[in-house]
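4 protein chains.
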Amino acid sequence: MTTKKGLKIATIGGGSSYTPELIEGFINRYEELPVKEIYLVDIEEGKEKLDIVGNLAKRMVKKAGLDIDIHLTLDRREAIKDADFVTTQFRVGQLDARIRDEKIPLRYGSIGQETTGAGGFAKAQRTIPVILDICKDIEELSPNAWLINFTNPSGIVTEAVVKHSNVKVAGLCNVPIGMVNDSADMLGVTPDRVYIDFVGINHLLWGRKIYLDGKDITDNFIEEVAAGKSSTMKNIPDLDWDPDFIRSLGMFPCSYLRYYYLTDEMLKEEQESAKLEGTRGEVVKKIEHELFDLYKKPDLDIKPPQLAERGGAHYSDAACSLINSIYNDKKDIQIVNVKNNGAISDLPDNVVIEANSIVGFKDIKPINIGSIPTRIKGLIQVVKAYEELTIEAAVTGDYDTALQALSVHPLIPSVTVAKKILNDIIKENKEYLPQYK
Amino acid sequence: MTTKKGLKIATIGGGSSYTPELIEGFINRYEELPVKEIYLVDIEEGKEKLDIVGNLAKRMVKKAGLDIDIHLTLDRREAIKDADFVTTQFRVGQLDARIRDEKIPLRYGSIGQETTGAGGFAKAQRTIPVILDICKDIEELSPNAWLINFTNPSGIVTEAVVKHSNVKVAGLCNVPIGMVNDSADMLGVTPDRVYIDFVGINHLLWGRKIYLDGKDITDNFIEEVAAGKSSTMKNIPDLDWDPDFIRSLGMFPCSYLRYYYLTDEMLKEEQESAKLEGTRGEVVKKIEHELFDLYKKPDLDIKPPQLAERGGAHYSDAACSLINSIYNDKKDIQIVNVKNNGAISDLPDNVVIEANSIVGFKDIKPINIGSIPTRIKGLIQVVKAYEELTIEAAVTGDYDTALQALSVHPLIPSVTVAKKILNDIIKENKEYLPQYK
Amino acid sequence: MTTKKGLKIATIGGGSSYTPELIEGFINRYEELPVKEIYLVDIEEGKEKLDIVGNLAKRMVKKAGLDIDIHLTLDRREAIKDADFVTTQFRVGQLDARIRDEKIPLRYGSIGQETTGAGGFAKAQRTIPVILDICKDIEELSPNAWLINFTNPSGIVTEAVVKHSNVKVAGLCNVPIGMVNDSADMLGVTPDRVYIDFVGINHLLWGRKIYLDGKDITDNFIEEVAAGKSSTMKNIPDLDWDPDFIRSLGMFPCSYLRYYYLTDEMLKEEQESAKLEGTRGEVVKKIEHELFDLYKKPDLDIKPPQLAERGGAHYSDAACSLINSIYNDKKDIQIVNVKNNGAISDLPDNVVIEANSIVGFKDIKPINIGSIPTRIKGLIQVVKAYEELTIEAAVTGDYDTALQALSVHPLIPSVTVAKKILNDIIKENKEYLPQYK
Amino acid sequence: MTTKKGLKIATIGGGSSYTPELIEGFINRYEELPVKEIYLVDIEEGKEKLDIVGNLAKRMVKKAGLDIDIHLTLDRREAIKDADFVTTQFRVGQLDARIRDEKIPLRYGSIGQETTGAGGFAKAQRTIPVILDICKDIEELSPNAWLINFTNPSGIVTEAVVKHSNVKVAGLCNVPIGMVNDSADMLGVTPDRVYIDFVGINHLLWGRKIYLDGKDITDNFIEEVAAGKSSTMKNIPDLDWDPDFIRSLGMFPCSYLRYYYLTDEMLKEEQESAKLEGTRGEVVKKIEHELFDLYKKPDLDIKPPQLAERGGAHYSDAACSLINSIYNDKKDIQIVNVKNNGAISDLPDNVVIEANSIVGFKDIKPINIGSIPTRIKGLIQVVKAYEELTIEAAVTGDYDTALQALSVHPLIPSVTVAKKILNDIIKENKEYLPQYK
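Heads up: the sequence lines are chains A, B, C and D, in that order. Okay, so the first sequence: first residue is 1 according to the working numbering, each after it adds one. Okay, so the second sequence: first residue is 1 according to the working numbering, each after it adds one. Okay, so the third sequence: first residue is 1 according to the working numbering, each after it adds one. Okay, so the fourth sequence: first residue is 1 according to the working numbering, each after it adds one.
No lab work stands behind these hints: they were computed from the structure. A few of these clues could be false.
Identical chains blur together in the list; that is why a pair holds if it fits in one copy or across any two.
[Said to hold, decoys possible] When the alpha-carbon atoms are kept at most 25 Å apart in a straight line, the in silico DSS-like pairs for lysine-lysine are as follows: (1) LYS330 to LYS62; (2) LYS49 to LYS296; (3) LYS330 to LYS103; (4) LYS36 to LYS168; (5) LYS268 to LYS62; (6) LYS362 to LYS268; (7) LYS362 to LYS215; (8) LYS163 to LYS330; (9) LYS285 to LYS47.
Please model the complete structure; the sequences and the hints are all you need to start from.
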């Protein structure tokens, strides 16, 4: 970031259907965030999508009347060279791999989900080798660049970067932003008036306290959640929370916690949906198809409203917001996947947590949290242990570590099942898992 | 312990079928451990058993030709007054309560076990108020006495004492001794040649390293376990470990870990056994009946070999051994449930762990362990969080805390089930749970 | 703080010469911080000063044309009742006690200073019992009030409140603000463009990194400090830092660190100054006298510029700024003495540190710091241990703890000297140390 | 240690005057510790001493009638190859370097001592590069060997090995053994009846509790120390402890703590002694001369009683005792410098502490200590920070780190003095400090 004259952004996985939201985010912030060049990078298999979405991006910029150059390229190194920010939103193996990730665990009576449980494990195994390769490029070609990751499982992927590279990294997720927005809806106010004291890790997040205009309204808010007023993510079945349970918890759980707190019901729901309409990945595949048909239309020059249906809304906007705060030294609070470094006393220093963080002075630092409440501590710790093993397995390709990772996961009912799932994952992802010999 | 002239022992729950092992332990160690008086205490409902087992104890002492006075009493305070050691082996609600503890969870598809899972939770709720009452007596009547607890769930009960009283306490369990004996059998050697580097908490224990004559033989030993050579506790179904799993774990798991690693299979096994022969509690009830018939025989004046079948073998001998080391300042290593105080870095200071400890200088101190291996860390942490909530619930009678305790337990499949189980436990244990209003 | 209609402020030690700065601070912020009532409280001995400064305060408010009621009272409880904020700036034993605090250590060849070393110990012994009394009043009469303490030794006094009361407290000091201002002067910019990453505790503070407009300029800045460009507090002799030392330190030390890094030279300087012009307390006594003569003038209706010479500049303005951020939920960064709670991993959770903190959501939370750099870790830890013992001694009046507190302080050359100093402190402060019997 | 048939010992610095004690130790334990070969290694400059002491060693073995081969060699690698134990007792720069270490700090009014303060720093700078070289040989030539270090500063040197090599290491010191012996003398009993609960690091050690026959006698014992009954090491001036100080401390301080608690008096004493009879190093030089004259006598075939006057008594016997426990898997308690690994919660995991440890199962593990009492915590932490910087400086040769190491040491009165001392150390040790360029 040698000059304020104009930033270079490299977006790995630029052919993603999310790209229009990212472009819109840069357009909306252009006045304070002077982006000069955006490199959308993809791989050979994604060239068609890259062209479609890239041309839409060009039309969007043109319509906005801004001097931003959009480059479409298959040359990752060219894109990364001298970039100020690298964003990652790629998907190794495309949606077909996701669909396999969902189906394998379901086959053995275990939750089949993109990021949570064995599905997330498989995705991490495919993704981590690639992100670490990207990091090597960054270390060589743009060592001062920030990597803004929103490739899932975002917390695990970010932790792999923290542990195995020297790249400055921040991981993003749309869950916490979604919870703020959801709370604002429930309260009938704008999101900027709501502040949530978050505790946890990616996709395993609780709002410990809820504030409206700086006032602690947690108790009343919990009653609203108990009364079924909260909503859920697009991609997660909206099972009701038991009111007594929510009151005894006294915190606001994120949607993904349904997989842990309502395992049986969620599994049943997943099995039924899979039969009726296919897994979520299969559903998304159809949505994506329709989206790209839409993107192709030469007269489309804004982010189409249909994208909001896709499920990943707010991700890209969160990325633009974060980049803006880093660039302009805003010292504001954003919810980021960041190195723990003692912020949560009950987790190791070098793991990644999802925390309200101050973004400024060219750094991102979590606001100190201290000890985790006992009610949620054990679950965070056991899932974090699974994540640490998952990263180690992805980096080493060690079968034993991989088996232990799945064995300790709370959503996998036995080591017998863990072994079957692992064997299927390795077999069905062969081309994407070179580390497993 | 003002004098070496003769010790006073108070045994709460003296009418237990285990008592003959305890008496035998004192008899065998009489030369270095000069016990003068043993008070066997029980409650009104246990008077008949107390008389039977107490008279056997008297006959055993007489046969040994030793000057030990056996007192049978329903007056707990008389027994505790000026005691040097108080041992606890009582069972609130007798075996009928245990049987309920096993049946309630099974009703909802969750493991039904005396100490592990919801059954252990129920037992803790009944037991903790009583043990803390006993501690008040000790604080008043024999403040320098050591409390040697082997009432189950031993780790949880001991932790309640550590957190809520000033009594010097050590918790015992026969699992680690059993693992040493089992290892010795597998190796064809005597147990004194085997040393196991244990890590964990009560009933959630791993042998991290195995030594024979001071030599690390872990790798070969693990192969033996993988080959199915290890055996299991009397009261735990002997399902085989998956060899690949055991190799990937690289440690020697205690029998109780089958409930966590093989949840589905164990549940199925439990459900089938319950149908065929009743729950373990029901089986034990029969065994106990036969044992007491045996104990009644006036010519029986030794510990009958049939007691070994009962399942709790070694408990009482471990207690005598521990008392001996404390009394004689042996500075030897014993496996005790003891305050963590930083010995395991990844657990809070004031919880109880099961650790190789030095017994001497009027204290018991764990050998430092450091960090828990990631492969087992999360499971220990989540179960410990459950235990902390369980103790808090037992002391406060707070429904919300109780519900959270069960909700975080890995063996309970959902909060929906947790709530059903909790409501049944409270309802069916009404007379033993005055703290729940 | 039930209403935004108008705040009640209680200022204990209201007769202090600093009060005009506080009043000015409230006047300047009136638009966003609607203060309705200010109670200036003092004790009988301070009544004359209270009247003088109180009347000046009234003239200042009148001149500003604002609707703020200034109350002068000796009734602390009346002032505290229903207050929104309580600020403390009292001095037990007045300046005469301070002068004794400076002279006793000098008598035995040890640093004699208001807050650092044995002088600060003595001040803490006098102050802590009084502040804890005030806290009892707050707990009873205005339990939701924030206590903003700037009575010295500010960190120690704040920690006493954190450990021994339930009052919400923040401690302030002008040292960090002074360092930001000093840095800005050196850089020729306005203070708002400078950000310092502070690490340490009150009066033992380092700037680990210095940022200008969000850019890390630490290395160049350190060269400026090495070149002698930094300035010092009014009350601390301006000895030059050794350039090699500053470079090897690589951080920006606060002025008070001269007492630790240049002990011999500082002692010599103190001894010479004491001879020539009296101790700092004696100098301040003269300045105060002149200030109050000035305050008496009926036509003075602003904060007089001479107050800036007094040495404590910025304290009161920092208090107003903090109150403003709490009240308006600003979520901005302020440098506050706040409970550690794990923010610095190498210090206990329940001690107070001086840290960049987020002020908002009705709370003050330090930005996480992690581990302290080894170069400064030991000094912080040993002084914090002294502080913990000092607080314990002040609360219990235990002579042994007091002697240990002084014995571990790095500025006291031996336990022999520590004992002599302690005995003199207790003897010469008899009326203010009822806890020492 | 492939066979119990006969051990190979390599002693680096074999020409030391201490060697006869070591040989005696092996002779006395021969029955359970079958040593077959002892390689005494030294450097060219030490060849004469090596021959003298080596021949005495041979006569001792012969007189004992044992089959132990004594080899004298200048070839370190030959000695280390396949050794079971390597012991280190070398002194880089011989006694002349020690004398310089003592004189440089005294020149600037700072304690001049072999291991404590700036003298110890200088010794560490010379020693650490050599010990790490030895470790490289061990890693290559005898990777399963244990390194038993008693080269001073023993704790620092051991920590350097822990941090910068893979060699299994234990550090020894005669201070704790001396404290046990001293206590036994005071109590009029044999040392085996005394147990001290030690807390601290090498040469900064406190007895937290004292036990006689397993009974806590701390309070009475402290009164004896307060009454002046304890004695001091040969090499440390025997200044009396202030009785009030000792009572307020409530612990048994090691002799070296006089340098910290009585800095002024100790400095004065050192300055006077240096004038009258030379520094301790100069005194020792004379004693050594006399000892070697004695060792030369062909009819001497036992450890001469005069060696006890030398100051380092018990070191070598402690080494033999430790080797015996490791070899025979004794699982007994020995006081060893060992990796902390969380045993003391308030110090980093990877530093070395001096702790009661269990020696067995081919490992040495500290008994868990938990938190350090506040009264001694800060001093331990600040000296440990100095030690960490000292090791870092010795390994990197970084001047800044070296200057910071001396600046944080409590016995160096200012950074100005620190810089002067450091410059002199580097200048006067040029040939031994190749790392400082």
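Cross-check of the supplied hints:
1. LYS330 to LYS62: neither (29 Å within a copy, 38 Å between copies)
2. LYS49 to LYS296: Classified as within: same-chain Cα gap 9 Å, cross-chain 80 Å, threshold 25 Å.
3. LYS330 to LYS103: neither (44 Å within a copy, 48 Å between copies)
4. LYS36 to LYS168: Within one copy only: 21 Å inside a chain, 48 Å across chains, cut-off 25 Å.
5. LYS268 to LYS62: Answer is neither: 48 Å inside a copy and 65 Å across each miss the 25 Å cutoff.
6. LYS362 to LYS268: neither (47 Å within a copy, 43 Å between copies)
7. LYS362 to LYS215: between (30 Å within a copy, 7 Å between copies)
8. LYS163 to LYS330: The answer is neither: 27 Å in one copy and 35 Å across copies each exceed 25 Å.
9. LYS285 to LYS47: Cα proximity of LYS285 and LYS47: one copy only (17 Å, versus 72 Å across).
Comparing the model with each earlier hint shows violations of hints 1, 3, 5, 6 and 8; every other hint is respected.
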